[in-house]
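Participant: Given the structure of chain A, go ahead and fit chain B onto it with the hints provided.
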Amino acid sequence: KQEVTQIPAALSVPEGENLVLNCSFTDSAIYNLQWFRQDPGKGLTSLLLIQSSQREQTSGRLNASLDKSSGRSTLYIAASQPGDSATYLCAVRPKAEGAQKLVFGQGTRLTINP
Amino acid sequence: DGGITQSPKYLFRKEGQNVTLSCEQNLNHDAMYWYRQDPGQGLRLIYYSQIVNDFQKGDIAEGYSVSREKKESFPLTVTSAQKNPTAFYLCASSPEGLAIYNEQFFGPGTRLTVL
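As given, the protein sequences belong to chains A and B, one line each in that order.
As numbered in the working numbering, residues 1 to 114 make up the first sequence, in order.
As numbered in the working numbering, residues 1001 to 1115 make up the second sequence, in order.
Calculated directly from the structure, the hints in this document are not laboratory data.
Don't take each hint at face value.
As the list claims (entries may be wrong) - In silico BS3-like pairs for lysine-lysine, Cα to Cα no more than 27 Å straight-line: (1) Lys-95(A) x Lys-1057(B); (2) Lys-68(A) x Lys-1014(B); (3) Lys-1057(B) x Lys-1(A).
Stated by the list, open to error - Rough simulated footprint, nothing fancy, chain B against chain A, three-plus residues with beta-carbon under 8 Å: (4) 11 to 24; (5) 62 to 75; (6) 80 to 88.
Said to hold, decoys possible - Using C-beta positions, here's what the derived DEER-type ranges look like: (7) Asn-22(A) x Pro-1039(B): 20 to 30 Å; (8) Ser-1080(B) x Pro-114(A): 39 to 49 Å; (9) Ala-10(A) x Thr-1113(B): 22 to 32 Å; (10) Val-13(A) x Phe-1012(B): 14 to 24 Å; (11) Ser-1067(B) x Asn-63(A): 18 to 28 Å; (12) Gly-83(A) x Thr-1005(B): 20 to 30 Å; (13) Pro-1008(B) x Tyr-31(A): 28 to 38 Å; (14) Thr-111(A) x Arg-1111(B): 36 to 46 Å; (15) Leu-1027(B) x Asn-22(A): 30 to 40 Å; (16) Arg-1111(B) x Pro-8(A): 25 to 35 Å; (17) Thr-111(A) x Glu-1069(B): 41 to 51 Å; (18) Pro-40(A) x Pro-1008(B): 10 to 20 Å.
Backbone N, C-alpha and C define an ideal beta-carbon position, used for all residues, glycine too.
Bound-form chain A, shown alone (with noise of 0.2 Å):
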């Protein structure tokens, strides 16, 4: 059964500090991995998917990479603001628990102080 995890669970930098968030999963057959970002109370927003085949996804600030082999995924903030404290989720859809399914890790909560 897959298993996903995110470590560490929380995590507290300074403004303007480059910083990397770690997910990794058991089963590396996976159709893709997906980035999401809840802030308290709310619902997740998409940050970024990367299918199996790639290696890596940016948007903006954020760059993500997907090692399939070794069951790992990172994802890199640059520059970071205060705006982006919040809860960070990867989740992946494995080959072998059906195609509708996301296994989701329990989540970063990141704290970037002013």
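Facilitator: Chain B alone, transformed into the frame defined by chain A:
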């Protein structure tokens, strides 16, 4: 504006009552999903629907029911059989039911509390 709407934002239920959570999308997406989010846990799939008049159970379907009579609507009923329904419920949709490469987009959520 295109998007997914969920109502109500907050819902309170007495024990033994059934309640229905609304999810509507105007994105013309074929597939719709219901997830449950609990503190300290990742999202878990309750039900999903690829096309109108068809839906499948997810990982935690017991105590829940759904219908898909219209493409844009996928209501979730939390029945009295659900033992611990207090949670944050999220509805999502994706462009094509069988297109495994497509992103899922989420609504703003409904917070259900059992009194």
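Participant: Taking the hints in turn, state whether each one holds.
Facilitator: Verification of the hints:
{"no.": "1", "hint": "Lys-95(A) x Lys-1057(B)", "in the structure": "holds, 17 Å"}
{"no.": "2", "hint": "Lys-68(A) x Lys-1014(B)", "in the structure": "violated, 46 Å"}
{"no.": "3", "hint": "Lys-1057(B) x Lys-1(A)", "in the structure": "holds, 17 Å"}
{"no.": "4", "hint": "11 to 24", "in the structure": "violated (count 0)"}
{"no.": "5", "hint": "62 to 75", "in the structure": "violated (count 0)"}
{"no.": "6", "hint": "80 to 88", "in the structure": "violated (count 0)"}
{"no.": "7", "hint": "Asn-22(A) x Pro-1039(B): 20 to 30 Å", "in the structure": "holds, 21 Å"}
{"no.": "8", "hint": "Ser-1080(B) x Pro-114(A): 39 to 49 Å", "in the structure": "holds, 48 Å"}
{"no.": "9", "hint": "Ala-10(A) x Thr-1113(B): 22 to 32 Å", "in the structure": "holds, 25 Å"}
{"no.": "10", "hint": "Val-13(A) x Phe-1012(B): 14 to 24 Å", "in the structure": "violated, 38 Å"}
{"no.": "11", "hint": "Ser-1067(B) x Asn-63(A): 18 to 28 Å", "in the structure": "violated, 41 Å"}
{"no.": "12", "hint": "Gly-83(A) x Thr-1005(B): 20 to 30 Å", "in the structure": "holds, 24 Å"}
{"no.": "13", "hint": "Pro-1008(B) x Tyr-31(A): 28 to 38 Å", "in the structure": "holds, 34 Å"}
{"no.": "14", "hint": "Thr-111(A) x Arg-1111(B): 36 to 46 Å", "in the structure": "violated, 23 Å"}
{"no.": "15", "hint": "Leu-1027(B) x Asn-22(A): 30 to 40 Å", "in the structure": "holds, 31 Å"}
{"no.": "16", "hint": "Arg-1111(B) x Pro-8(A): 25 to 35 Å", "in the structure": "holds, 26 Å"}
{"no.": "17", "hint": "Thr-111(A) x Glu-1069(B): 41 to 51 Å", "in the structure": "holds, 44 Å"}
{"no.": "18", "hint": "Pro-40(A) x Pro-1008(B): 10 to 20 Å", "in the structure": "holds, 18 Å"}
The structure shown violates the earlier hints numbered 2, 4, 5, 6, 10, 11, 14.
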